[in-house]
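I would like the entire structure built from these sequences, with the hints used as guidance.
So you can see what is in the structure, the chains are spelled out below.
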Amino acid sequence: MKQHLLCTDTECTPNVMDLAVPASVKQEWAALQTRRHFLGRSGKVLGWAALSSLLGNRALRGDVPMNAQQAADAIKAPHFAPKAKRAIYLFMSGGPSQVDLWDYKPNLAAQYDKDIPDSVRGAQQLTGMTANQARFPVAPSHWSFKRYGEAGTWVSDLLPYSGRMADDLAIIKSTNTEAINHEPAIMLMNTGNMNAGKPCLGSWLAYGLGSMNDNLPTFMVLQTKLNTKENNQPVSSRLWSSGFLSSQYAGVGLRSAGDPVLFLTDPDGVDREVRRGMLDVVNEINRQTYEELGDPETNSRIAQYEMAYRMQTSVPELADLSKEPKSTWDLYGPEAKEPGTFAYNCLMARRLAERGVRFTQVYKRGWDMHDNVMGIMPIICGETDRGCYALVTDLKQRGMLDDTLVVWAGEFGRTVYSQGGLSKDNYGRDHHPRCYTTWLTGGGVRTGITYGETDDYSYNVVKDPVTVRDFNATILHCLGIDHNKLTYKFQGLDQKLTGPFPASVVKDLLA
Amino acid sequence: MKIRQQVGVISSKLLPAKRSTCLAWAAALALSIPLLLMPWIVRLDGHAHADWQQFLGRFHPLAVHLPIGLLVLLPLLEMAGAHRPALRETAGFVLGLAFASCLFALTLGFLLAYGGGTAGAGVTLHLWGGIALTIAVLLCMLARPWWSSHNVPYAYPWLLTCMLLALLWTAHQGGLLTHGNNYLTQYMPAGFKRWAGIGLEAPVTASFYSRHINPILDANCVGCHGASQAKGGLRVDSYESLMKGGHDGPVIAAGSPEKSLLLQRVTLPSDHKQFMPAEGKPPLRSEEIAWIKAWIQQGASPTATALAGVAIREDRPELPLQPVGDYSALMPEIRQMALAPGPKLIQVSAKPEDGLVLFTVDAASSFGDAQLAEFQKFAPYVVEAELARTAITDASFDTLRQFTHLRALHLEETHVTGNGLAKLAPLTQLSYLNLSGTQVTSANVAPLSAMKNLSHVYLYNTPAQPASSAQSTQPIAQSIARNTP
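Here the protein sequences come in this chain order: A and B.
All residue numbers for the first sequence refer to our numbering, where the first residue is 140 and numbers rise by one.
All residue numbers for the second sequence refer to our numbering, where the first residue is 381 and numbers rise by one.
Since the hints were derived computationally from the structure, they do not count as laboratory data.
Where hints are given, some of them may not hold.
Computed cross-link-like contacts, PhoX-like style, restricted to lysine-lysine with a CA-CA straight-line distance of at most 20 Å [what the hints assert, rightly or not]:
hint : chain 1 : residue 1 : chain 2 : residue 2
1    : A       : Lys624    : A       : Lys222
2    : A       : Lys476    : A       : Lys465
3    : A       : Lys624    : B       : Lys731
4    : B       : Lys673    : A       : Lys602
5    : B       : Lys731    : A       : Lys222
6    : B       : Lys731    : A       : Lys602
7    : B       : Lys731    : A       : Lys215
8    : B       : Lys661    : A       : Lys646
Just a few of them, taken from the derived set where beta-carbon distance is under 10 Å, the chain A residues facing chain B [claimed, not checked]:
hint : residue
9    : Lys165
10   : Glu592
11   : Val600
12   : Lys602
13   : Asp603
A virtual CB, placed ideally from N, CA and C, is assigned to each residue, including glycine.
So this is what it looks like as structure tokens:
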């Protein structure tokens with residue numbers, strides 16, 4: 140019986156010399172089977188083994204010894220002289236409706252309850268929530284718009300405070316994303332990738348720029364407490380994770396109620412001295428572990444313990460608002476006195492900026508309005524509008540807006556057509572990735588402008604699209620970073636926030 | 381009689397009685413006269429003509445570089461020919477080829493100008509340059525045999541020099557037509573510009589037209605619709621010519637943007653045949669279009685200084701960053717500080733010459749005048765000092781005045797009262813000064829108005845804060861009296 144050429148039966152192994160392969164391959168094969176070859180190869184292998192044992196286990200580690208690494212961190216600097224030294228990112232989780240807030244479409248009133256033309260919608264794949272709807276009736280915004288400022292910017296009546304600072308904003312109407320659901324979209328906005336595991340913007344900044352102070356983390360996250368009337372999408376610590384970067388670059392969250400940081404207060408009977416003694420011993424053990432294993436995360440742990448120790452004094456000072464002048468409360472409103480409100484977090488963001496924190500991200504959930512837009516919108520705008528205005532105005536009057544970048548963005552926009560029924564009293568809006576409105580202000584930003592245009596249905600971008608990558612590249616640029624140069628080698632790639640696809644800084648948004 | 385004899389002698393030298401030479405001169409004359417007369421025979425009237433003329437004419441920029449290259453090569457060949465005779469022979473051929481390609485390029489150029497309906501001073505100059513150059517090349521060709529036979533040794537080198545100058549001038553005129561008047565000087569370093577006195581004239585009037593509309597047209601349109609070319613008979617380099625319009629009538633209809641041809645053309649889809657700016661030049665930015673629209677809407681006035689609903693922030697040109705000196709000798713100390721708790725010096729950017737920022741946020745309450753004095757050796761390299769909430773007092777102004785490269789100074793919530801702020805006057809680069817939350821008084825702040833680069837002064841929450849700006853969001857700098865250009 141004839142054996143197949145690739146048969147693995149050891150009794151009748153195919154002979155290379157019988158195969159239909161080039162003669163050169165046969166020769167190479169013959170050469171590989173000689174004793175000389177075996178000895179030569181094993182000699183080299185033994186040589187490498189000897190070398191690695193001579194070099195010690197250091198040679199096997201991917202990291203740099205601690206002190207050298209710290210020294211490298213200490214001279215971290217932007218690629219070019221930045222306009223902004225720090226940034227505050229107001230993240231509107233859930234996807235704020237651009238149609239009802241910023242993207243004024245007066246012509247839509249005439250389209251009320253008419254189906255949105257197929258030509259506008261194109262072959263777009265919709266979410267499971269509206270894909271099976273029989274029709275897509277246009278729901279014009281319930282609220283009217285007014286012109287504000289010298290630039291005459293149209294802003295919805297829902298945002299009277301934001302309107303007052305319209306001249307200080309660069310409003311981007313053409314932001315667009317590739318993701319259509321919350322988790323991938325919010326991951327994309329924050330980390331440049333829809334899948335979890337990549338470092339977020341704040342971590343990249345901490346990694347690239349280093350810290351401006353010793354007593355607080357470089358990157359802090361403030362969560363606004365839930366309003367159960369709103370449809371709250373989860374916001375998880377993946378969003379401020381440092382991914383494959385050292386965990387010392389991860390965001391540190393302040394809690395919205397109770398102690399800002401859990402277990403920061405020493406328990407009864409433990410004073411600063413006892414705590415210090417304990418930390419010294421723990422650090423010593425950690426250092427031994429590092430010597431033994433060489434895992435850089437051990438160093439991060441030492442650094443984080445030390446940071447927590449210093450935060451025992453810096454955080455109470457941070458959270459002590461008793462010295463704020465009356466003008467602060469006039470500006471931020473009485474809500475700002477209550478920890479966990481958006482206004483409180485905005486005030487906190489200003490205080491963190493004053494204390495040398497590079498990047499503060501404030502999360503406000505609840506913008507996900509699949510129904511009851513008319514009921515929820517005034518509530519959530521009431522919660523956030525004044526805080527945003529107060530923060531920008533406060534930074535401006537204190538001279539901090541010159542070197543602080545402020546970003547307001549969600550993960551996507553909302554559809555112009557109604558999800559569910561459309562009535563005179565209410566409508567809903569589904570997720571809309573093709574266009575949404577964001578704004579920037581502060582250091583390095585050209586303010587008093589509106590950038591990008593959408594079509595008559597606020598559905599497609601017709602001019603100057605800004606992708607999430609472009610958006611992030613522009614933010615990095617304001618902080619002095621070339622997004623193509625801020626990289627970290629991981630999994631064989633020079634990883635970067637803007638990912639492998641081309642991204643460009645939006646020059647027209649820069650001062 | 382004598383004169384005639386002398387002429388006879390010279391002519392017998394110059395013109396060996398060869399029939400072929402006479403013929404060559406006659407032919408040259410016969411060619412030169414129509415060349416010289418051509419601009420009068422076929423006038424550039426600014427109207428577009430046959431398409432085939434434009435089609436051929438557009439090869440002018442392609443063809444024109446051949447004679448340029450050849451003519452630049454020519455003197456090199458002649459010089460090198462002194463040592464290698466073969467090259468001199470080549471030079472003769474190159475000259476002949478250059479002449480032929482000159483004629484070809486000239487013809488195409490004329491077709492381009494005539495067919496495309498271009499007119500204007502620049503085109504005329506370039507045309508005349510081209511004609512003069514062609515004739516100069518022709519003369520070179522005729523004079524060269526005398527030179528190579530050593531009969532008249534000077535005529536050819538002189539002609540060659542003149543021809544090269546004509547080439548330089550004509551090529552420059554052509555460059556101006558293609559790229560605009562400020563192409564070469566636009567990105568000239570500011571120092572050279574001042575030295576050469578280019579582009580420093582301030583706008584004559586403060587009208588919206590001269591500050592915003594004219595510069596847009598200047599940057600995007602005047603290359604083809606200006607003094608050098610006036611395509612379609614339209615010039616937009618002055619208000620009068622802009623309002624006059626071109627062959628298709630007025631381009632601005634005051635009060636009705638939708639009827640204004642200019643606005644129609646710049647808002648067409650960019651692949652439209654009539655879209656402006658043409659020939660793949662970048663389109664106007666959306667806000668530029670919005671300004672033009674608003675300006676036309678509100679009467680297209682040459683004098684109105686502001687338009688309702690249009691705010692254009694006019695930033696003063698930022699000071700170029702002055703590089704600081706070399707502080708590499710101090711780097712070990714700077715690194716040491718970075719690792720220890722306490723005040724730090726951090727590089728502004730990866731470029732050391734951008735300077736250092738002094739951060740004191742970690743040492744705030746313990747950082748006083750004495751601690752600042754310790755930083756004196758770093759003084760010339762620090763461009764920004766973050767001294768907010770430190771314990772420093774007015775005594776530190778004596779130290780701070782030595783920070784000669786300081787651009788930004790943060791003194792918010794310190795104990796300074798502003799007494800001695802005038803000592804900062806030598807800090808010519810200082811553009812940002814934050815005194816918020818201090819006890820400075822308006823009397824103490826007054827001397828700051830003499831510092832002409834100091835554009836951002838913050839006095840929030842101080843006795844010096846102007847009452848009106850308590851709720852105002854404007855930087856308080858503007859309320860300090862200052863007269864800067």
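Outcome of the hint check:
Taken as a hint, the Lys624/A and Lys222/A pair is honoured in the structure, with Cα atoms around 18 Å apart against an allowance of 20 Å. With a C-alpha separation of about 12 Å, the suggested pairing of Lys476/A with Lys465/A holds against the 20 Å cut-off. Restraint check for Lys624/A and Lys731/B: satisfied, since their Cα atoms lie roughly 14 Å apart, inside the 20 Å limit. For the suggested pair Lys673/B and Lys602/A, the alpha carbons sit about 18 Å apart, so the restraint of at most 20 Å is met.
The suggested pairing of Lys731/B with Lys222/A holds, with an alpha-carbon distance near 15 Å, which does not exceed 20 Å. With a CA separation close to 36 Å, the supplied pair Lys731/B and Lys602/A exceeds the 20 Å bound. Taking the CA atoms of Lys731/B and Lys215/A, the gap is near 11 Å; set against the 20 Å cutoff, the hint holds. For the proposed pair Lys661/B and Lys646/A, the alpha carbon gap of about 18 Å is at most 20 Å, so the pair holds.
For the restraint placing Lys165/A at the interface with chain B, the shortest Cβ-Cβ distance is roughly 56 Å, beyond the 10 Å limit, so the hint is violated. Interface restraint check for Glu592/A: the shortest CB-CB distance to chain B comes to about 7 Å, inside 10 Å, so the restraint holds. Interface hint at Val600/A: violated, since its Cβ lies 13 Å from the closest Cβ of chain B, which is beyond the 10 Å cut-off. Hint status for Lys602/A relative to chain B: holds, with the closest Cβ pair at about 6 Å, below 10 Å.
The beta carbon of Asp603/A is positioned within 10 Å of a beta carbon in chain B (closest approach about 7 Å), and the interface hint is therefore held.
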